[in-house]
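Peer 1: Sequence:
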Amino acid sequence: IKETIGKDLPKGFQSAEFVLEHGFLDFIVDRRELKQRLADLLSIVNERVSE
1 IKETIGKDLP KGFQSAEFVL EHGFLDFIVD RRELKQRLAD LLSIVNERVS E
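Take 1 as the starting number for the sequence shown in my numbering and just add one per residue.
Just so you know, these hints were derived from the structure itself, not from any lab. Quick reminder that beta carbons are idealized off the backbone N, C-alpha and C, glycines included. Any given hint might turn out to be false.
[What the hints assert, rightly or not] Heads up, simulated DMTMM-like pairs for lysine to aspartate or glutamate below, C-alpha to C-alpha not over 25 Å straight-line:
no.	residue 1	residue 2
1	Lys11	Glu21
2	Lys2	Glu21
3	Lys35	Glu47
[Claimed, not checked] If you anchor each label on the Cβ, the simulated ranges turn out as follows:
no.	residue 1	residue 2	range
4	Glu51	Lys7	30 to 38 Å
5	Leu20	Val49	13 to 21 Å
6	Glu47	Ile1	30 to 38 Å
7	Gly23	Ile1	16 to 24 Å
8	Glu3	Asp40	17 to 25 Å
9	Lys2	Val49	15 to 23 Å
10	Arg32	Leu9	15 to 23 Å
11	Ser43	Val19	31 to 39 Å
Modelling step: build the complete structure from the supplied sequences, incorporating the hints.
Peer 2: See the structure below:
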């Protein structure tokens, strides 16, 4: 990855602890459902930022 993006990566960036601390989403969605799924996720994030 470092060679592809040309940047050093943080130590442990692929560990469960790192993604828990920094946030990570990974799921498979049918294209027909993608727009709604993204809207739902952005709504959740927006609510948490507003708190």
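Peer 1: Hints first: check each against the structure and report whether it holds.
Peer 2: Hint by hint, here is what the structure shows:
This hinted pair checks out: Lys11 and Glu21 have alpha carbons roughly 13 Å apart, not beyond 25 Å. Distance check on the hinted pair: Lys2 and Glu21 sit about 21 Å apart at the alpha-carbon level, within 25 Å; holds. About 18 Å separates the Cα atoms of Lys35 and Glu47, which keeps this hinted pair within 25 Å; it holds. Hint check: Glu51 to Lys7, Cβ distance near 33 Å, so the stated range 30 to 38 Å holds.
At about 19 Å, the CB distance of Leu20 to Val49 agrees with the hint of 13 to 21 Å. In this structure the supplied range 30 to 38 Å holds for Glu47 paired with Ile1, their Cβ-Cβ distance being about 32 Å. Taken as a hint, the range 16 to 24 Å holds for the pair Gly23 and Ile1, whose Cβ atoms sit roughly 18 Å apart. Range check, Glu3 to Asp40: Cβ separation about 36 Å, and the 17 to 25 Å hint is violated.
The given range of 15 to 23 Å is broken by Lys2 and Val49, whose C-beta atoms sit roughly 31 Å from each other. Checked against the hint of 15 to 23 Å, the C-beta distance between Arg32 and Leu9 comes to roughly 34 Å, which is inconsistent with it. Between Ser43 and Val19 the Cβ separation comes to about 22 Å, which falls outside the hinted range of 31 to 39 Å.
Against the hints set out earlier in the document, violations occur for numbers 8, 9, 10, 11.
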